[in-house]
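Chains U and D are the protein sequences, given in the same order. When we follow the numbering used here, the leftmost residue of the first sequence carries the number 3, and every step to the right adds one. When we follow the numbering used here, the leftmost residue of the second sequence carries the number 8, and every step to the right adds one.
The set of hints was computed from the structure by calculation and includes no laboratory data. Heads up, some of the hints might be wrong.
Stated by the list, open to error - Under the rule of at most 27 Å between Cα atoms (straight-line distance), these lysine-lysine pairs were calculated in the BS3-like manner: (1) U:K111 x U:K70; (2) D:K16 x D:K78; (3) U:K108 x D:K90; (4) U:K58 x U:K73; (5) U:K108 x D:K64; (6) U:K108 x U:K58; (7) D:K78 x D:K64; (8) U:K7 x D:K64; (9) U:K7 x U:K70; (10) U:K7 x D:K90; (11) U:K56 x U:K7; (12) U:K115 x U:K70; (13) U:K56 x U:K108; (14) U:K56 x U:K70; (15) D:K90 x D:K21; (16) U:K73 x U:K115; (17) D:K16 x U:K108; (18) U:K111 x D:K16.
To be verified - Computed footprint of chain D on chain U, listed as stretches where at least three residues anywhere in the stretch have a Cβ under 8 Å from a Cβ of chain D: (19) 43-51; (20) 106-115.
As the list claims (entries may be wrong) - Okay, the calculated beta carbon distance ranges per label pair: (21) D:S80 x U:G85: 32 to 38 Å; (22) D:A116 x U:S113: 39 to 45 Å; (23) U:K115 x D:I58: 33 to 39 Å; (24) D:Q48 x U:N69: 24 to 30 Å; (25) U:N69 x D:N60: 40 to 46 Å.
Here a beta-carbon is modelled for each residue, glycine too, at the ideal position from N, C-alpha and C.
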Amino acid sequence: DQQVKQNSPSLSVQEGRISILNCDYTNSMFDYFLWYKKYPAEGPTFLISISSIKDKNEDGRFTVFLNKSAKHLSLHIVPSQPGDSAVYFCAASALGGSQGNLIFGKGTKLSVKP
Amino acid sequence: DGGITQSPKYLFRKEGQNVTLSCEQNLNHDAMYWYRQDPGQGLRLIYYSQIVNDFQKGDIAEGYSVSREKKESFPLTVTSAQKNPTAFYLCASSWATGLAGANVLTFGAGSRLTVL
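Pulled out of the complex, with its shape left as it was, chain D reads as follows (with noise of 0.2 Å):
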C-alpha cells in the first residue's frame, strides 16, 4: 500500500542531543513537508522541499535540519539549538507545486520527540 512511514513512533533525547526523524513515501510525491503540532495548537511549517537537492524554510525552521537527497526520503534532524523541541512531528507529502491537488496532504503518522 502506498503511504507514509514515520519513524520512530516515539523518541526521547537528551537536552543538548541532536536527533533525527525519519520520513520515507512511495507515492511518487515529489513535494514533502514536516510540520510540528504543540498541544492546543494548529499544525506549523517547519520545512518544506519542492524537489529533490533543494528545501525552504517554514514558519519555524530555527533550530531544525533537512536534507532530500532521494525522491523518497525528507528525514529531519532537530537540534540542540532548537529550544523546545518536544513535540509531535508530522511528515507529509504531496503532487508537485503547481499542479492542481497539490495542496491535498497525505500525512504519515508522526513522531512523538519528548526531551527529558
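Isolated chain U, as found in the complex (with noise of 0.2 Å):
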C-alpha cells in the first residue's frame, strides 16, 4: 500500500507560468516532507522541505504548502522555467526530520515548454 502517492504522471506547462505538483500521504506518523527533483541518469537532488509545525515553506521560485488535515502538499514552481523540465519526487519521513529513511512517491515528470 502506498503511504506517499503521487497521482499525476505527468504534468505540461507554458514557460512563466505556474506549475502546482501534488502529493498525498496516508501515514499520520509522517512530520517532515521533502520534494526532490530528478534528470534523467542522475541522482535526485533536494530542492525544499517543510516540517509539520509549519504550513508553508519558500525558496525563491519554490514553495511548499502542507494541509495536514487533508494529508496533502504541493510544490507550486513560480515562474516556471523550461530548466525546471525533470521528474519531482515527493517524500515522506517521520520522527521530526531526524530519520533518514524516506519513503518515496512514484514521481511527477514536469515538462515546461517554451
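Make the complex out of the two chains shown on their own, each in a separate frame, by following the hints.
Laid out in C-alpha cells, this is it:
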C-alpha cells in the first residue's frame, strides 16, 4: 500500500506560468516532507522541505504548502522555466526529520514548454 | 568537491551471477542508503547503515547484501537470489539519524544494472 502518492504521472506547463505538483500521504506519523528533483540518468537533488509544524515554506521560485488535515502537500513553481523540466519526487519521513529513511512517491514528470 | 561516487554507471550481468555496485562518499556523512528505482516507480529502500559495521534491511532487501567496513564506503551486492535485478540503483548519504537534517539525503548519479 502506497504511503506517499503522486497521482499525476505528468504535467505540462507553459514557460512563465505556475506549476503545481501535488502529493498525498496516508501515514499520520509522517511529520517531515521533502521534494526532490531528478533529471534522467542522474541522482535526485534536494529541492525544498517542510516540517509539520509549518503550513508553508518558500525558497525563491519554489513554495511548498502543507495541509495536515487533508494529508496533502503541494509544490508551486513560479515562474516555471524550461530548466525546471524534470521528474519531481515527494518524500516523507517520521520522527521530526531526524530519520533518513524516506518514503518516496512515484514521481511527477514536469515539462515546461518555451 | 564533496559528493557521492557510484560505479560502474552501467553494468550488464548474466542470470545467476552476483554483482557488486560501489558507493563512496567524501561528505563525512554517518548514514548511507541504497535505493532502487524502476520505471514509473518511486525510490524503494533496499538497505541502510547509520554507522560503520552496522546496517538494517529496508523494504526490499531480499536478494541483496551490503557491508559497511568504512565510513566512506557502502557497497551493494546484487545476488542471484534477486528475482528481478534489472533497475536503476541509487546510493545516498546523510548526517546521522537523530540529528536535524538527517533526512536530507545526498544522492549519487546512480548505477544502471541490466540482466541479460
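So, going through the hints one by one against the coordinates:
| no. | hint | verdict |
| --- | --- | --- |
| 1 | U:K111 x U:K70 | 25 Å, holds |
| 2 | D:K16 x D:K78 | 22 Å, holds |
| 3 | U:K108 x D:K90 | 21 Å, holds |
| 4 | U:K58 x U:K73 | 14 Å, holds |
| 5 | U:K108 x D:K64 | 21 Å, holds |
| 6 | U:K108 x U:K58 | 23 Å, holds |
| 7 | D:K78 x D:K64 | 18 Å, holds |
| 8 | U:K7 x D:K64 | 23 Å, holds |
| 9 | U:K7 x U:K70 | 15 Å, holds |
| 10 | U:K7 x D:K90 | 26 Å, holds |
| 11 | U:K56 x U:K7 | 21 Å, holds |
| 12 | U:K115 x U:K70 | 32 Å, violated |
| 13 | U:K56 x U:K108 | 24 Å, holds |
| 14 | U:K56 x U:K70 | 9 Å, holds |
| 15 | D:K90 x D:K21 | 13 Å, holds |
| 16 | U:K73 x U:K115 | 31 Å, violated |
| 17 | D:K16 x U:K108 | 22 Å, holds |
| 18 | U:K111 x D:K16 | 23 Å, holds |
| 19 | 43-51 | holds (count 7) |
| 20 | 106-115 | holds (count 4) |
| 21 | D:S80 x U:G85: 32 to 38 Å | 33 Å, holds |
| 22 | D:A116 x U:S113: 39 to 45 Å | 22 Å, violated |
| 23 | U:K115 x D:I58: 33 to 39 Å | 47 Å, violated |
| 24 | D:Q48 x U:N69: 24 to 30 Å | 26 Å, holds |
| 25 | U:N69 x D:N60: 40 to 46 Å | 42 Å, holds |
When each numbered hint is compared with the structure, violations occur for hints 12, 16, 22 and 23.
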